[in-house]
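Chemist: Here is how the chains run, residue by residue.
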Amino acid sequence: MDLGEFEADNSVSCRLASAIPDVCKTEDCCLGIDEAGRGPVLGPMVYGICFCPVAKKEALKDLKVADSKTLTEAQREDLFRKLDEAKSFVGWALQILSPNTISTSMLQRYLNTYCTRHTHTHTHTHTHTQKETQRANNRTHTQMILTVLLFHRSKYNLNALSHDAAIGLVQFALDSGVQLKEVFVDTVGPAEKYQEKLSQRFPGVEVTVRPKADSLFPIVSAASICAKVARDHSVKDWNFPEDLGEVDADYGSGYPSDPKTKAWLLKELDPVFGYPQFVRFSWSTTQTLLDSRAVTVHWDDDEEDGEKAAARQNNTSMLSYFKTSAQQGNTHQTHRFFTERRLQSLATL
Amino acid sequence: MSSNCSVTRLQLDSVSQAECPSVHLLPCEIEHDGPAEVSQFFTATIKDRKHEKTVSFRGRGLKGQEVSCPQGCTGLVLREVNKSGSDQEDRTVKVSSVFHKVTYWNLETSPNSDDGIVMAMAWPDLAEAIHGPVDD
Amino acid sequence: MTTKKKRTPHSPNDRWVVVAADSAVETPKKDDSDPTFIRLRNPSTDAASLYLLGSGDVQLYEVKAFNEDFHSWFIGQTVQRDGRLLYVTPMDPLYLLLPYLIKAGEEGKFQPVDQVVMDEDFPACTRLLSCIRSQASLHHVAEEKEVGSQKFQRYSQERTMEWLKKKAERTVKTLRKSNISVGEGVKSTTYVRVKQESETQEEDYLRYAHGLISEYISEDLSKALLKHLQLPELSSPKEVEPPSKKRKLTDKPLEAGEDYTKFNRSDFSRKPPKKMSAAQKTLAKVDKTGMKSMSAFFSPKGKAEKK
Numbered sequence: 001m002d003l004g005e006f007e008a009d010n011s012v013s014c015r016l017a018s019a020i021p022d023v024c025k026t027e028d029c030c031l032g033i034d035e036a037g038r039g040p041v042l043g044p045m046v047y048g049i050c051f052c053p054v055a056k057k058e059a060l061k062d063l064k065v066a067d068s069k070t071l072t073e074a075q076r077e078d079l080f081r082k083l084d085e086a087k088s089f090v091g092w093a094l095q096i097l098s099p100n101t102i103s104t105s106m107l108q109r110y111l112n113t114y115c116t117r118h119t120h121t122h123t124h125t126h127t128h129t130q131k132e133t134q135r136a137n138n139r140t141h142t143q144m145i146l147t148v149l150l151f152h153r154s155k156y157n158l159n160a161l162s163h164d165a166a167i168g169l170v171q172f173a174l175d176s177g178v179q180l181k182e183v184f185v186d187t188v189g190p191a192e193k194y195q196e197k198l199s200q201r202f203p204g205v206e207v208t209v210r211p212k213a214d215s216l217f218p219i220v221s222a223a224s225i226c227a228k229v230a231r232d233h234s235v236k237d238w239n240f241p242e243d244l245g246e247v248d249a250d251y252g253s254g255y256p257s258d259p260k261t262k263a264w265l266l267k268e269l270d271p272v273f274g275y276p277q278f279v280r281f282s283w284s285t286t287q288t289l290l291d292s293r294a295v296t297v298h299w300d301d302d303e304e305d306g307e308k309a310a311a312r313q314n315n316t317s318m319l320s321y322f323k324t325s326a327q328q329g330n331t332h333q334t335h336r337f338f339t340e341r342r343l344q345s346l347a348t349l
Numbered sequence: 350m351s352s353n354c355s356v357t358r359l360q361l362d363s364v365s366q367a368e369c370p371s372v373h374l375l376p377c378e379i380e381h382d383g384p385a386e387v388s389q390f391f392t393a394t395i396k397d398r399k400h401e402k403t404v405s406f407r408g409r410g411l412k413g414q415e416v417s418c419p420q421g422c423t424g425l426v427l428r429e430v431n432k433s434g435s436d437q438e439d440r441t442v443k444v445s446s447v448f449h450k451v452t453y454w455n456l457e458t459s460p461n462s463d464d465g466i467v468m469a470m471a472w473p474d475l476a477e478a479i480h481g482p483v484d485d
Numbered sequence: 486m487t488t489k490k491k492r493t494p495h496s497p498n499d500r501w502v503v504v505a506a507d508s509a510v511e512t513p514k515k516d517d518s519d520p521t522f523i524r525l526r527n528p529s530t531d532a533a534s535l536y537l538l539g540s541g542d543v544q545l546y547e548v549k550a551f552n553e554d555f556h557s558w559f560i561g562q563t564v565q566r567d568g569r570l571l572y573v574t575p576m577d578p579l580y581l582l583l584p585y586l587i588k589a590g591e592e593g594k595f596q597p598v599d600q601v602v603m604d605e606d607f608p609a610c611t612r613l614l615s616c617i618r619s620q621a622s623l624h625h626v627a628e629e630k631e632v633g634s635q636k637f638q639r640y641s642q643e644r645t646m647e648w649l650k651k652k653a654e655r656t657v658k659t660l661r662k663s664n665i666s667v668g669e670g671v672k673s674t675t676y677v678r679v680k681q682e683s684e685t686q687e688e689d690y691l692r693y694a695h696g697l698i699s700e701y702i703s704e705d706l707s708k709a710l711l712k713h714l715q716l717p718e719l720s721s722p723k724e725v726e727p728p729s730k731k732r733k734l735t736d737k738p739l740e741a742g743e744d745y746t747k748f749n750r751s752d753f754s755r756k757p758p759k760k761m762s763a764a765q766k767t768l769a770k771v772d773k774t775g776m777k778s779m780s781a782f783f784s785p786k787g788k789a790e791k792k
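Protein chains in written order, with this note's numbering: chain A, 1 to 349; chain B, 350 to 485; chain C, 486 to 792.
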């Protein structure tokens, strides 16, 4: 498996795919979806799809694919080679969610989808300085919306991230011309809701979401093998974009419960940066370690700080401003050029 | 008001020994003053994308760009030498670093002309207008 | 998972990130002293502010801090918690001398300027005199008489107004070239005003320039300058009016009935928000028509007096 494209920039997500077998573009196909690396605190999470003509299900069975978790690494490598050899009728595609993508998505305070849904292009201006006006408008709008948002704090959670990856891969298969009739999905979450979501998203495709689907349907087993092989390869040969010299590669399975992983996390912690991007910052394991052993960092959207900031931003700043002026015994009000630019006089260096 | 008597001398001959480090303005408050492996963890992972730079810090996505010091201005990092505790005494600062551009980072937002530091860079030009000599 | 630790207090700084005018850090001529940061009386607040005197006390500089909350620096291989950026820009020392000249001028007689510029609280103010001498600019604000080899000065309001007017005109020129919004802070769909555009612009620029210069002069002088510039005084005691207020004054129909401005005018129109978060910025594009301002939620009091 060639992960070169992902390794070239493992800070972002990457899609890798086999060639699409011609037969998949003409015959009704089944498709399986599975994931690998959901739990670990290290490395990417990989989504895999595998697809073949419905008529070739038996041929797939003959390859003796099975749930990747029941196989040894060597067996998985072997089976992936067989799947690759069956490229005349089996295709696959992977979505590799880099740990950095997982961290930054999950730690975003506000849902992007929520934002964009409300985006409205404001075209009204009757002025020479359109840009400035737009700017001013934006400012005013911002605070209006903040009101709404304060009550809609939400994070992009792992389930949403997973679902989006899965949907993206099915769409990719459709866009590539695969004649999809059946989709089988393994899930750890509630199956019914997810099945409904996928069925609605892909009308005309029969969707089956089932826990342990990876052991029930060979096409899902095949997908799980593809995903697991990619995850293993990328973790084993993780190309640290940081300039860290030799990094101890003995990080175990990457599961927070693995003593080797724990020891590695303790050893590699940097007091300022925390960890390389290889580590998922959105995992509570990581946050707990940072809270207790790293320098404290405050963001303006931290829950506690953020609300204070919002209050200050609104009225408190005015109040405290007047207070300072009063203390100085005059009514001077700083011109908006300076307040807008956060420029202030200093009394001491 | 005795502290109004004390002055802080800016030791200019230190400029020649000043370093030219890269300077980044981050959208978070880091409760630390001191060494950090900036080049290893941060600079090495900066990506130059189409209209912006991207990086992450503590798992938060940052987007940034470079801003230059306005024409006729230079960036300096001043450092106090022989820091005394008292505000009555004269102090001395030296130029420990010189820079000509700053890379500033927004939290998850693409850099744009509304960004505080971009707007603030308009100040030296306007200051010249307010304070420059007028004709007779 | 969010860090909910309180922010610990800052320890005193020993490092500052500065953008300085090149002239402030040019290597001094032989025998000239190093530049020094000094505290002088701020003519607009009457309180102490920090300034820099260039080497040889020839040029004065103002020190301002760009200060956004939740910011820190990476400088080379170090972290600096204090995320401020200081600006050191040339300053006209006459602004700082004016209060002393005006005070002495009340007696109406000509005096040597070095007998006038004295301040117990700010002894360093005498050093401004050497700036003034090297710039030979005192005549802009004072009448001069020469008796023998000695010069005597007397504050002149007339000259000062002309000087400040030139300052304002200079500033307008720069403002025009810049991207700075001098007009109404907020335009919204509900408040479309039809005014003579060119007229508005000219007055807005001049008023903006006046506001900037007022940062460096006393309130009395600021009022006098407003008159001298033939700018109508606005009814509020504040120098810079929120635009919506201005509109309210000029547009009769809106004065009647309910005060709609409270939904459109917010503190943000004059006081921009602190750094916006990503989502805030994205959301900033949202049409807020009909939405209540955030201040309406947070400020049950204090608003009333502004109506």
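Just so you know, these hints were derived from the structure itself, not from any lab.
Treat the hints with caution; some may be incorrect.
[Unchecked claim] Think about it this way: if two alpha-carbon atoms lie no more than 25 angstroms apart in a straight line, the pair counts; the simulated DSS-like pairs of lysine-lysine are:
id : chain 1 : residue 1 : chain 2 : residue 2
1  : A       : 236       : B       : 396
2  : A       : 267       : C       : 662
3  : C       : 662       : B       : 450
4  : A       : 25        : A       : 69
5  : A       : 25        : A       : 87
[Said to hold, decoys possible] Distance windows between CB atoms, simulated:
id : chain 1 : residue 1 : chain 2 : residue 2 : range
6  : B       : 438       : C       : 654       : 43 to 51 angstroms
7  : B       : 449       : A       : 199       : 55 to 63 angstroms
8  : B       : 449       : C       : 531       : 36 to 44 angstroms
9  : C       : 718       : B       : 368       : 26 to 34 angstroms
10 : B       : 368       : A       : 160       : 55 to 63 angstroms
11 : C       : 664       : B       : 396       : 25 to 33 angstroms
Remember, predicted model here, so these are calculated numbers, not experimental data.
No residue lacks a Cβ here, since even glycine has one placed at the ideal position from N, Cα and C.
Chemist: Of the hints given before, which are not true for this structure?
Modeler: Violated: hints 2, 4, 9, 10.
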